[in-house]
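Per my numbering, the sequence shown runs over residues 8 to 135.
I should point out that these hints are in silico values taken from the structure, not numbers from a laboratory.
Derived DMTMM-like pairs: lysine to aspartate or glutamate, alpha-carbon spacing no greater than 20 Å straight-line: (1) K94 to E27; (2) K38 to D65; (3) K38 to D97.
Simulated DEER-style distance windows between Cβ atoms: (4) E48 to G105: 27 to 37 Å; (5) T75 to H36: 32 to 42 Å; (6) D53 to V15: 11 to 21 Å; (7) D65 to D96: 13 to 23 Å; (8) G17 to S104: 18 to 28 Å; (9) G63 to K38: 14 to 24 Å; (10) S104 to S50: 30 to 40 Å; (11) S92 to E42: 13 to 23 Å; (12) E45 to M86: 17 to 27 Å; (13) S50 to M82: 16 to 26 Å; (14) R9 to K94: 18 to 28 Å.
Backbone N, C-alpha and C fix where the C-beta goes; we use that ideal spot for every residue, glycine too.
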Amino acid sequence: MRIAIPVVSGEVFSPLANAEAFHFYEDDHGKIVREFLEPMEESSTDAAVGLLERYGIDALLCGTIDDTERTAVGMAGIMLFPGYSGKADDAALRFLSGSVVSDPNNHCNACGFKGACSLKDKGGCGGN
Numbered sequence: 008m009r010i011a012i013p014v015v016s017g018e019v020f021s022p023l024a025n026a027e028a029f030h031f032y033e034d035d036h037g038k039i040v041r042e043f044l045e046p047m048e049e050s051s052t053d054a055a056v057g058l059l060e061r062y063g064i065d066a067l068l069c070g071t072i073d074d075t076e077r078t079a080v081g082m083a084g085i086m087l088f089p090g091y092s093g094k095a096d097d098a099a100l101r102f103l104s105g106s107v108v109s110d111p112n113n114h115c116n117a118c119g120f121k122g123a124c125s126l127k128d129k130g131g132c133g134g135n
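Working from the sequences, and respecting the hints, build out all of it.
See the structure below:
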């Protein structure tokens, strides 16, 4: 399985389009056998999802995710696991061990600001 996590400074990051890079992991029977960082060249949902498609990603682990990103990831046929936080390496290991179940209802717009995310303020939420 090929897993991707959007990151800034090694931490799980949201929104996807504003991540500085994606940390890619490939596993074999629950063990990470390959990992690398791929920088984002453009800041857009299309660019982020295009990068995931180019690398044949099966699963995306992320923090919060807005409806636009959720739809784009789904249309690309990538399994989505939102609700992660902390170090990307730890999130990947928790996912592969099955010890953490993501929250499928984890939406960026839960604050009521309809996905108005930015890099400003707290955690990229436009409502903070």
